[in-house]
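With the working numbering, letter number 2 in the sequence shown gets -18, and the count goes up by one each step, no holes.
Calculated directly from the structure, the hints in this document are not laboratory data.
Some hints here could point you the wrong way.
Said to hold, decoys possible - Distance condition first, Cα-Cα at most 16 Å in a straight line; then the derived EDC-like pairs of lysine to aspartate or glutamate: (1) Lys39 x Glu73; (2) Lys66 x Asp11; (3) Lys191 x Glu145.
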Amino acid sequence: MTTADILVHQSRSPRSTIVADVALAIAAKHDAHVTALYVFDHFRMPGYISGRIPESVIKGQQAEAEAMAAKAAAAFHARAARAGVKHEWRTVEGPALDVVSWQGRYTDLIVVGQTAPDDEPECDDYNLAEEMLLVAGRPILVVPYISKYDSVGDRVMIAWNGSREASRAVHDAMPLLERAKSVNILSVDPENPNRLPGADIATHLARHGVKVEARRTVGGDLDIGDVLLSTAADLGADLVVMGGYGHSRAREAIFGGATRHMLRHMTCPVVLSH
């Protein structure tokens, strides 16, 4: 299995370069092609006031958006050339969720940035990772906003609970797992303490040549998301693989859940599948 085609979302956010660098690093490791997709909505306003706004103001907003896209494109082309990665740039107008999910469906992996605390809720791409997970039908690699990364995918931790979503995530991430230096499968609070619940999936991965080890831990009073983050840090993981929204999103919004916790508090890139 190979990762040959990667889509990375780009925007006016200054953190887009971090997201692009992660996509390019993975592409370089897999000899993959990267498509950078810059999405923006032109200046819009409610219909009842649109006639009162001078056309020069509207054109000025459009010109500014297009200039920002051109500047971002030049920066991406330079970064991709330095990385020696096959690439292309697309600038598309429209709602970010619709455009990225549609174009992402004919790629192997979609790379997006985590929503940051200072992002404006009214931005078109606010909460994009969470929304994409439910509609794209492809694995989503979410890059934290907090820092740059020297490596992604060398030391992988899989959050395993035996669910459909977890199995989907593991198999979606197989090209990454096959090239990892080490893979740890973590099960939290297994129902049967005398059985290692990740043993079967570890055996399956080993048959693919993955360097894998299964382990379990007890969360106690800790939220499962905190357990995952803590264990990933202890293992020095530079990538986490997990299923997304095994419970309904509404339930996670009310009661909390591992997916939402990871999307808000991740400290290393995370591959999610639903």
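Hint numbers the structure violates, sorted upward? 3
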